[in-house]
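Given these sequences and hints, build the entire structure.
Residue numbers (the working numbering), protein chains in the order written: chain G, 1 to 237; chain E, 1 to 237; chain C, 1 to 219; chain B, 1 to 219.
Check before you lean on any hint, since a few could be wrong.
What the hints assert, rightly or not - Listed below are the simulated DSS-like cross-link pairs for lysine-lysine, each with C-alpha atoms no more than 25 Å apart in a straight line:
1. K217/B - K203/B
2. K189/G - K183/B
3. K88/E - K121/B
4. K132/E - K121/B
5. K14/G - K236/G
6. K11/E - K78/C
7. K137/G - K137/E
8. K146/G - K137/C
9. K146/G - K132/G
10. K148/C - K209/C
11. K146/E - K137/G
12. K124/C - K227/G
13. K78/B - K236/E
14. K124/C - K88/G
15. K124/C - K77/G
16. K203/B - K183/B
17. K137/B - K146/E
18. K77/E - K189/E
19. K132/E - K183/B
20. K77/E - K121/B
21. K189/G - K146/E
22. K124/B - K88/E
23. K236/G - K78/C
24. K217/C - K205/C
25. K78/C - K88/G
26. K189/E - K146/G
27. K137/C - K132/G
28. K148/C - K124/C
29. K183/C - K148/C
30. K78/C - K132/G
31. K132/G - K121/C
Claimed, not checked - Examples of chain B residues toward chain G, derived with CB under 8 Å:
32. E76
33. T80
34. S81
35. G94
36. G135
As the list claims (entries may be wrong) - Which chain C residues stay away from chain G? Per the calculated CB distances, all over 12 Å, these:
37. D6
38. V36
39. G186
40. L191
If you're looking for bench data, these hints aren't it; they were derived computationally from the structure. Beta carbons: idealized from backbone N, C-alpha and C, even for Gly.
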Amino acid sequence: MATDMANKVYKDAKSALDGLLREGMTIMAGGFGLCGIPENLIVALRDSGVGNLTCISNNAGVDDAGLGLLLVTRQIKRMISSYVGENKTFSQQFLAGELEIEFNPQGTLAERIRAGGAGIPAFFTRTGVGTKVAEGKEVREFDGDKFVMETGLVAEVALVKAWRGDAAGNLVYRKSARNFNPMMATAGKITVAEVEELVPVGSLDPDHIHTPGIYVKRIIEGPSYEKRIEQRTVRKA
Amino acid sequence: MATDMANKVYKDAKSALDGLLREGMTIMAGGFGLCGIPENLIVALRDSGVGNLTCISNNAGVDDAGLGLLLVTRQIKRMISSYVGENKTFSQQFLAGELEIEFNPQGTLAERIRAGGAGIPAFFTRTGVGTKVAEGKEVREFDGDKFVMETGLVAEVALVKAWRGDAAGNLVYRKSARNFNPMMATAGKITVAEVEELVPVGSLDPDHIHTPGIYVKRIIEGPSYEKRIEQRTVRKA
Amino acid sequence: MPWTRDQIAARAARELRDGFYVNLGIGIPTLVSNFVPEGMDVTLQSENGMLGVGPFPFENQVDPDIINAGKQAVTEAKDTSYFSSADSFAMIRGGHIDLSILGAMEVSETGDLANWMIPGKMVKGMGGAMDLVAGVKRVIVVMEHVSKDGASKLLDTCSLPLTGQRVVDMAITELGLFAIDKKGNGGVTLLELAEGVTVEEVKAKTRAKLTIGAAVKVA
Amino acid sequence: MPWTRDQIAARAARELRDGFYVNLGIGIPTLVSNFVPEGMDVTLQSENGMLGVGPFPFENQVDPDIINAGKQAVTEAKDTSYFSSADSFAMIRGGHIDLSILGAMEVSETGDLANWMIPGKMVKGMGGAMDLVAGVKRVIVVMEHVSKDGASKLLDTCSLPLTGQRVVDMAITELGLFAIDKKGNGGVTLLELAEGVTVEEVKAKTRAKLTIGAAVKVA
Numbered sequence: 001m002a003t004d005m006a007n008k009v010y011k012d013a014k015s016a017l018d019g020l021l022r023e024g025m026t027i028m029a030g031g032f033g034l035c036g037i038p039e040n041l042i043v044a045l046r047d048s049g050v051g052n053l054t055c056i057s058n059n060a061g062v063d064d065a066g067l068g069l070l071l072v073t074r075q076i077k078r079m080i081s082s083y084v085g086e087n088k089t090f091s092q093q094f095l096a097g098e099l100e101i102e103f104n105p106q107g108t109l110a111e112r113i114r115a116g117g118a119g120i121p122a123f124f125t126r127t128g129v130g131t132k133v134a135e136g137k138e139v140r141e142f143d144g145d146k147f148v149m150e151t152g153l154v155a156e157v158a159l160v161k162a163w164r165g166d167a168a169g170n171l172v173y174r175k176s177a178r179n180f181n182p183m184m185a186t187a188g189k190i191t192v193a194e195v196e197e198l199v200p201v202g203s204l205d206p207d208h209i210h211t212p213g214i215y216v217k218r219i220i221e222g223p224s225y226e227k228r229i230e231q232r233t234v235r236k237a
Numbered sequence: 001m002a003t004d005m006a007n008k009v010y011k012d013a014k015s016a017l018d019g020l021l022r023e024g025m026t027i028m029a030g031g032f033g034l035c036g037i038p039e040n041l042i043v044a045l046r047d048s049g050v051g052n053l054t055c056i057s058n059n060a061g062v063d064d065a066g067l068g069l070l071l072v073t074r075q076i077k078r079m080i081s082s083y084v085g086e087n088k089t090f091s092q093q094f095l096a097g098e099l100e101i102e103f104n105p106q107g108t109l110a111e112r113i114r115a116g117g118a119g120i121p122a123f124f125t126r127t128g129v130g131t132k133v134a135e136g137k138e139v140r141e142f143d144g145d146k147f148v149m150e151t152g153l154v155a156e157v158a159l160v161k162a163w164r165g166d167a168a169g170n171l172v173y174r175k176s177a178r179n180f181n182p183m184m185a186t187a188g189k190i191t192v193a194e195v196e197e198l199v200p201v202g203s204l205d206p207d208h209i210h211t212p213g214i215y216v217k218r219i220i221e222g223p224s225y226e227k228r229i230e231q232r233t234v235r236k237a
Numbered sequence: 001m002p003w004t005r006d007q008i009a010a011r012a013a014r015e016l017r018d019g020f021y022v023n024l025g026i027g028i029p030t031l032v033s034n035f036v037p038e039g040m041d042v043t044l045q046s047e048n049g050m051l052g053v054g055p056f057p058f059e060n061q062v063d064p065d066i067i068n069a070g071k072q073a074v075t076e077a078k079d080t081s082y083f084s085s086a087d088s089f090a091m092i093r094g095g096h097i098d099l100s101i102l103g104a105m106e107v108s109e110t111g112d113l114a115n116w117m118i119p120g121k122m123v124k125g126m127g128g129a130m131d132l133v134a135g136v137k138r139v140i141v142v143m144e145h146v147s148k149d150g151a152s153k154l155l156d157t158c159s160l161p162l163t164g165q166r167v168v169d170m171a172i173t174e175l176g177l178f179a180i181d182k183k184g185n186g187g188v189t190l191l192e193l194a195e196g197v198t199v200e201e202v203k204a205k206t207r208a209k210l211t212i213g214a215a216v217k218v219a
Numbered sequence: 001m002p003w004t005r006d007q008i009a010a011r012a013a014r015e016l017r018d019g020f021y022v023n024l025g026i027g028i029p030t031l032v033s034n035f036v037p038e039g040m041d042v043t044l045q046s047e048n049g050m051l052g053v054g055p056f057p058f059e060n061q062v063d064p065d066i067i068n069a070g071k072q073a074v075t076e077a078k079d080t081s082y083f084s085s086a087d088s089f090a091m092i093r094g095g096h097i098d099l100s101i102l103g104a105m106e107v108s109e110t111g112d113l114a115n116w117m118i119p120g121k122m123v124k125g126m127g128g129a130m131d132l133v134a135g136v137k138r139v140i141v142v143m144e145h146v147s148k149d150g151a152s153k154l155l156d157t158c159s160l161p162l163t164g165q166r167v168v169d170m171a172i173t174e175l176g177l178f179a180i181d182k183k184g185n186g187g188v189t190l191l192e193l194a195e196g197v198t199v200e201e202v203k204a205k206t207r208a209k210l211t212i213g214a215a216v217k218v219a
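Structure (structure tokens):
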């Protein structure tokens, strides 16, 4: 696959996924709740109709947004997540036995993805010791404390969302929309990024780039962003 | 120890180390070669006269700069580094049996420090499998490949250097002077930072901060920086 | 009168110290931020990747890219920084957060905590709770003393699947404040009693090895 | 005439591909950047924490905060980014770099590499070499074929302590270009011969299981 700069930019989400999808594959999708999710790429993934997916994502979206869109169409077979409480479709399919879920503590999930991208097959964490999470896993003592061994996670395709990006694949995230996107960008065999604004190469300050271009194989500028807020908590003026 | 903002700012390197030093302690010092080293804090450490130190630093400075200053005064008993080739004092003391050295592959050293700061007591890496580095360490197969187990590293005090910082301890590094500083900032029980410019709280863009203030307990603005270049490689105009 | 939710939060806020970095869970814990003493410097962390969390925004300040771990719109503090969730949990797991205040379904006398699943019911997931209780220096639980069906939530042993083992240092309920011996043989010590609540009521509603602290007046 | 250092570097440069991310070691490997074909997009990585390394600076461009892993002053490319050394080696260890070109003291027919220590001599440390050879997708060694005392550096087994086991894919020396079977039973295949060098000379100077590639004209 060509990875030179000119070829990283695709015209839309559909073309950016072209040739990458297959039944039963594993896909990572960035975002925390609906914040920082790859909105346009998820819609294109839904429209592709590819099914039996394993999705690695902290949450499962809501019924009509985010990965929830793929639940409605029953394209997801299995989720690896930390919290899926916002999604009713999820509950229904799970209780009907149509959907598998592997819950990971959020920090363990984040670190597993970071490890996957960093060539670390396994690491030890104190999170989950003495709980269901540690069942069937190696538990080992270091300096008198117990730690559970967790493994790295990778995906065939990672879908991430950034604020700004350039044709070299450099990405800058905005505020708390960063969340899981940077690690997932490193853990996809192929990482596809969507950005709110595609800027000329050279206009991003090298000290401000959060994801170096090496991790991004394809990039699009999304035509629009809903950026829905799940809990619109406001103060009275 | 008070960690509120006002109390994080110290007037100079000497006062910033006051009460933190003791014989035989373990200290991390940021920098790669002479790039991004905590120049002023190292001088203050030298002037303190504290000895029998274990120093974790990628390099050992040169004879008259960086950690080399502490070698000349024989304050260092042991180094954990990846490359010390630039320092003649080091060679002499090592060959005379006066100095211990534990060599780590550079990436393993970087990751061990990151792990130490992140509460990860051990991780697996393919670096060093089949070499002296793996001797005496657990080697395990994952997916048919061999990996060696390495442990996290922490220090009683970490000395780091950034470009800009604020009274809350937020740090921004400049260009390749970032190197080992961010991980070391997380792996010191007490982290002391020096910056070229102390800026007002609120003037650093929250998306550009490399080290969140939580990691920095004390901060000073260095009076001056030599920033010596080891290999002044230039092109003819 | 047992403590109200606000009184529980206010009491928890008295455990804050100047310079603390604190992570607050959803529900009563969130209320704690309303009771930070004037002039005290407390920095809130949100595990999705934000240090320096400000109050809810005014309507014209709402920014969909600024949310806390409860997916609520929030604002920035004066010294805010953002980072990835991996870096956020490195901060949590690495022991850099001074205090976590969170809710619970059950707490045991050895500090075991259960707050994420009820077998047979739909499980939403543990989110960041397991990482927080395992990594943060001190854990305070704020909760109602008994469940809706009247069962004590302060127990000798948790009946629900655990979030963490030997992790809770203190519990604050509408009846009072309890220190928990998470390192030794276990045991719950009543240190403060809510105004108008009797030791007998606490004893009746607690299913754990209970000691009455010396400073508590036995009515 | 055996290849010069520049010719070795130029030959190594022909292994570059459009879009490659490459890490170059010190010495002959550094010269490879002078031979990147016009119009080819190759991005250089420096393991201290820089992606997009430009050429040496002009005198008025020297910036002490912009150095490569050889501690040499360098410049930025148009798409440069900086990151910590932990993130840099995550990039390397995670298999994201396409190619590493580096020097060697010894290379074995199974791809073992020794380039960091000579027992009994002062050891400077391995720096990032072990991480690079273990993590990068493809490793090319450029080196002199024999040592100063005339011993072959292309061997059946390395005599020096290893930098990595079964890591080298190709070796380029002044005598020619050699593919190395690092995955199977081992063996070195001469694929290209430097102008004027004979197969006999290669055979005489190589202490490894050597095959002469079909395309090599036996003079």
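Status of the hints after comparison with the structure:
no. : hint            : in the structure
1   : K217/B - K203/B : holds (14 Å)
2   : K189/G - K183/B : holds (22 Å)
3   : K88/E - K121/B  : holds (14 Å)
4   : K132/E - K121/B : holds (16 Å)
5   : K14/G - K236/G  : violated (42 Å)
6   : K11/E - K78/C   : holds (23 Å)
7   : K137/G - K137/E : holds (21 Å)
8   : K146/G - K137/C : holds (16 Å)
9   : K146/G - K132/G : holds (15 Å)
10  : K148/C - K209/C : holds (22 Å)
11  : K146/E - K137/G : holds (19 Å)
12  : K124/C - K227/G : holds (23 Å)
13  : K78/B - K236/E  : holds (21 Å)
14  : K124/C - K88/G  : holds (10 Å)
15  : K124/C - K77/G  : holds (17 Å)
16  : K203/B - K183/B : holds (23 Å)
17  : K137/B - K146/E : holds (16 Å)
18  : K77/E - K189/E  : holds (20 Å)
19  : K132/E - K183/B : holds (21 Å)
20  : K77/E - K121/B  : holds (21 Å)
21  : K189/G - K146/E : holds (21 Å)
22  : K124/B - K88/E  : holds (11 Å)
23  : K236/G - K78/C  : holds (21 Å)
24  : K217/C - K205/C : holds (18 Å)
25  : K78/C - K88/G   : violated (38 Å)
26  : K189/E - K146/G : holds (21 Å)
27  : K137/C - K132/G : holds (23 Å)
28  : K148/C - K124/C : holds (20 Å)
29  : K183/C - K148/C : violated (30 Å)
30  : K78/C - K132/G  : violated (40 Å)
31  : K132/G - K121/C : holds (16 Å)
32  : E76             : holds (6 Å)
33  : T80             : holds (4 Å)
34  : S81             : holds (4 Å)
35  : G94             : holds (4 Å)
36  : G135            : holds (6 Å)
37  : D6              : holds (17 Å)
38  : V36             : holds (16 Å)
39  : G186            : holds (14 Å)
40  : L191            : holds (26 Å)
Hints 5, 25, 29 and 30 from the earlier list are contradicted by this structure; the remaining hints agree with it.
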